[in-house]
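J.: Sequence order for the protein chains is G and U. Here this note's numbering is used: the first sequence runs in plain steps of one and ends on residue 428. Here this note's numbering is used: the second sequence runs in plain steps of one and ends on residue 428.
Accuracy of the hints is not assured; some may be wrong.
Which copy is meant is left open, so a pair is good if it fits within one copy or across any two.
To be verified - Cross-link-like lysine-lysine pairs, in silico, PhoX-like; alpha carbons within 20 Å at most:
hint: 1; residue 1: Lys373; residue 2: Lys180
hint: 2; residue 1: Lys180; residue 2: Lys88
hint: 3; residue 1: Lys196; residue 2: Lys330
hint: 4; residue 1: Lys88; residue 2: Lys46
hint: 5; residue 1: Lys158; residue 2: Lys196
hint: 6; residue 1: Lys330; residue 2: Lys369
hint: 7; residue 1: Lys183; residue 2: Lys196
hint: 8; residue 1: Lys330; residue 2: Lys88
hint: 9; residue 1: Lys158; residue 2: Lys180
hint: 10; residue 1: Lys423; residue 2: Lys373
hint: 11; residue 1: Lys180; residue 2: Lys330
hint: 12; residue 1: Lys46; residue 2: Lys423
hint: 13; residue 1: Lys183; residue 2: Lys88
hint: 14; residue 1: Lys158; residue 2: Lys369
hint: 15; residue 1: Lys46; residue 2: Lys330
hint: 16; residue 1: Lys158; residue 2: Lys423
hint: 17; residue 1: Lys57; residue 2: Lys46
hint: 18; residue 1: Lys183; residue 2: Lys106
hint: 19; residue 1: Lys423; residue 2: Lys330
hint: 20; residue 1: Lys196; residue 2: Lys106
hint: 21; residue 1: Lys53; residue 2: Lys423
hint: 22; residue 1: Lys369; residue 2: Lys88
hint: 23; residue 1: Lys88; residue 2: Lys196
hint: 24; residue 1: Lys423; residue 2: Lys183
hint: 25; residue 1: Lys158; residue 2: Lys373
These are computed hints drawn from the structure, not numbers from a lab. From a predicted model like this one, the values you see are computed outputs, not experimental measurements.
One-letter residues, chain by chain:
Number of protein chains: 2
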Amino acid sequence: MANPPQALRGMRDFLPERMILRHHVIGVFRRVFERYGFAPLDTPAVEYADTLEGKYGEEADKLIYKFEDRGGRQVGLRYDLTVPLARVVALYPELPKPFKRYQIAPVWRAERPQKGRYREFWQCDVDTVGTSSMLADAEILAVLHDALVQLGFRNFVMRLNNRKLLKGLSAYAGVPEGEEASVLRSVDKLDKIGEVGVRTELLEKGFAATVVDRLFDLLAPGEGDDVLARLRVPLADNPDAQQGIAELEQVREYLGALGVPETAYRIDLAMVRGLDYYTGPIFETVVEEPRIGSITGGGRYDHLVGIFSGRDIPAVGSTLGLERIVDVMEALGLFPEEKTRTQVLVTLFDADTTPEALRLATELRGAGVRAEVYLGEKGGLKRQLAYANNQGIPWVALLGPDEIARGEVTLRDMRDGTQQAVPRAQVADRLKSAPSG
Amino acid sequence: MANPPQALRGMRDFLPERMILRHHVIGVFRRVFERYGFAPLDTPAVEYADTLEGKYGEEADKLIYKFEDRGGRQVGLRYDLTVPLARVVALYPELPKPFKRYQIAPVWRAERPQKGRYREFWQCDVDTVGTSSMLADAEILAVLHDALVQLGFRNFVMRLNNRKLLKGLSAYAGVPEGEEASVLRSVDKLDKIGEVGVRTELLEKGFAATVVDRLFDLLAPGEGDDVLARLRVPLADNPDAQQGIAELEQVREYLGALGVPETAYRIDLAMVRGLDYYTGPIFETVVEEPRIGSITGGGRYDHLVGIFSGRDIPAVGSTLGLERIVDVMEALGLFPEEKTRTQVLVTLFDADTTPEALRLATELRGAGVRAEVYLGEKGGLKRQLAYANNQGIPWVALLGPDEIARGEVTLRDMRDGTQQAVPRAQVADRLKSAPSG
């Protein structure tokens, strides 16, 4: 067969080297999530189409991977992890509240594949359901901060804003009721097209110049510590805005107590987040270098989780974008250099000594060393060393009749080719204390 | 909404308590797999239908979750992890050989849901591709043994057989060419319907009584150490049988060197394995109590992986059945008792002391303790203790103005309700040394 079948367009195979990076990131996420009391959840990849549709907006609904199963049921592949969470919360009322869960799993979207956009990608979601306390919002931010620091990120900023505050801002500016979303979509582009660009777009959309002026009176410079203080007076008559400000101030207080330094976050009035369903604090994390967009996105959404329960259930959470985080970490050199998890390749000398080589490998594994035995049929030493080299295995153990007679093992350092004889009983300790990778 | 939407029939939500068990098992698998040098691989959930079809047999093909995607492509959900492995091996010829990979991922089958049979379930596959050496077969068995022992299994037996030997047996008995599979399907039922049952079924299928007699001459008692020795003479003229015997003997020799005790495996001539594609050693693991069928299944399959490469590529591997293993472990009480991963709930006294409680939780997390803060809005102490109790959190930390003034924390043991004041600096150590769960 000349052309082996490809993976589907927009979907990817993750070969071992890439998987090791992904496992590293997911392992850190899980450790941090669990350290804050978040518990793992998993849900099926396939859901009834009814469960998925009508939750994400019309445009998004078109991207759901829908099909009819053999029983004639309309079903679809999971589009995100939030709607399944809402379904689980409704279906199992016995779950304790607040319910703190994380889910790390692939989702599917029938998007046009392009650079950095895939039809299958993993989301890492962490959410707290069933409390309106700003403690929960602050905790999500602390989790994001902790996870990114544990991964080695140093230069990142979590941008905070609040949908209630944005609503108040729109009202203050005189945006007609029902047109807030359109205004916010333009404001969201401030980063990309600047103030002049946003002003032009708003005027073209038909908003009055006075409205646009009043909006920018408050928006610019809409960053930094004094933003909230500056807004309190002009927005004094707007209860939405006042509550939004109070929420952000409370989050800020808790963040301090949770050990998140002030340099790690920033109020940013122009940060809007795309999704319509947010109702309170919203947040996203951007890294300055490389410029890759946001690596986390989330906020409070008090109306979505209750959609299957028939009543509002407050919730707050965030997604961490696994793919982008891996990309950024690669660009920044934040990964330990590790092409393979194997620490040593135990080579085979001949058929007679093979059992002894297996015993050595077994001893090493028993001592906690990740030891691989060369399994190829044709395997002179040269081929075995090439295999170790190709795989990036840092050490090779040689065990011929001489070594066996002397109770030794020859250890070869694959980085510089040096060899030394080591008493067999000391091999595991030697490998464990060696710098790896 | 009176009736919240269910998960699809035959698919399951895994709530935290269950997920903690699954994570435990998967964690052990990964650690053991990597200790032998197996590397992680992941592939998309969706494949071209062409890639999946025609590999599993006609009956199985009907169970593939097929659909047409929005681009009009015929696609299907992954049916197992072996065909994607074959595709990956063909697509990336640069992968070093032998290629040792593991994949732990869900697969989908449009089966009729019934007890213990699901439409979405996880497979844990470990395979070595690109070598005919029996070392690879023995290593897979050592991995299975090691993984099960690490999980706490004590009474299990890995049953071994060999397809070449079975072929030789059939020829010796006089089974007409092309009818071996039918004979083997009957022999496979020996466990269930006994020798009389299998004899009857074979006669009903139209096999001659002499054929059935000759078959059972060799089959019974087809277990134990001397089986191979007993077969060598009668099957002396059959090259397939001789090679099958030699392969099993070599596997047995290597297993000893790999530290697998003789009590852990047994040659079982009546063990056939369902799939047609095996070509050499085959193996499965059964536990005696509870009787749940096999928890691992695998063998050598030298013609399947090359299907997309246009040439034979030898391979050997096994699946570990995650769902069954979790079920058996629950039945045997092999899991650590752990409803939650959280070690301590830090309670909130009032708004004034909340920041101090957050600082305590942050300190504990920094010291590696999994510490949860109570996030509910309404939270008298009684409600907070009920939450801890309901969640199975073993310790609760109380921090009121008195404790803060004294630099102490009151630790409450949720198992017996006893409380003690602990100097704040010692809380983390106290929790880490406490027996958990």
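J.: Give a verdict on every hint.
T.: We went through each hint and held it up to the structure:
1. Lys373 / Lys180: So Lys373 and Lys180 fail the 20 Å test inside a copy (59 Å) and across (49 Å) alike.
2. Lys180 / Lys88: neither (37 Å within a copy, 50 Å between copies)
3. Lys196 / Lys330: For Lys196 and Lys330, neither the intra-copy (53 Å) nor the inter-copy (55 Å) Cα distance is at most 20 Å.
4. Lys88 / Lys46: neither (23 Å within a copy, 47 Å between copies)
5. Lys158 / Lys196: The answer is within: 18 Å in one copy meets 20 Å, while 78 Å across copies does not.
6. Lys330 / Lys369: Neither way: Lys330 and Lys369 sit 24 Å apart in one copy and 50 Å across, limit 20 Å.
7. Lys183 / Lys196: within (18 Å within a copy, 76 Å between copies)
8. Lys330 / Lys88: For Lys330 and Lys88, only the inter-copy Cα distance (15 Å) is at most 20 Å; the intra-copy one is 43 Å.
9. Lys158 / Lys180: Within. Shortest intra-copy distance 17 Å satisfies the 20 Å Cα cut-off; inter-copy 70 Å does not.
10. Lys423 / Lys373: Neither. Shortest intra-copy (25 Å) and inter-copy (49 Å) distances fail the 20 Å Cα cut-off.
11. Lys180 / Lys330: Neither way: Lys180 and Lys330 sit 40 Å apart in one copy and 46 Å across, limit 20 Å.
12. Lys46 / Lys423: neither (52 Å within a copy, 44 Å between copies)
13. Lys183 / Lys88: Classified as neither: same-chain Cα gap 41 Å, cross-chain 48 Å, threshold 20 Å.
14. Lys158 / Lys369: This pair counts as neither: shortest intra-copy Cα distance 71 Å, inter-copy 28 Å.
15. Lys46 / Lys330: Answer is neither; intra-copy 41 Å and inter-copy 32 Å both fail.
16. Lys158 / Lys423: Intra 58 Å, inter 47 Å, cutoff 20 Å: neither.
17. Lys57 / Lys46: within (14 Å within a copy, 25 Å between copies)
18. Lys183 / Lys106: within (19 Å within a copy, 55 Å between copies)
19. Lys423 / Lys330: Answer is within; shortest intra-copy Cα gap is 18 Å, inter-copy 34 Å.
20. Lys196 / Lys106: neither (30 Å within a copy, 59 Å between copies)
21. Lys53 / Lys423: neither (53 Å within a copy, 50 Å between copies)
22. Lys369 / Lys88: between (61 Å within a copy, 11 Å between copies)
23. Lys88 / Lys196: Neither way: Lys88 and Lys196 sit 44 Å apart in one copy and 61 Å across, limit 20 Å.
24. Lys423 / Lys183: So Lys423 and Lys183 fail the 20 Å test inside a copy (50 Å) and across (49 Å) alike.
25. Lys158 / Lys373: neither (70 Å within a copy, 38 Å between copies)
Consistency note: the structure conflicts with the earlier hints numbered 1, 2, 3, 4, 6, 10, 11, 12, 13, 14, 15, 16, 20, 21, 23, 24 and 25.
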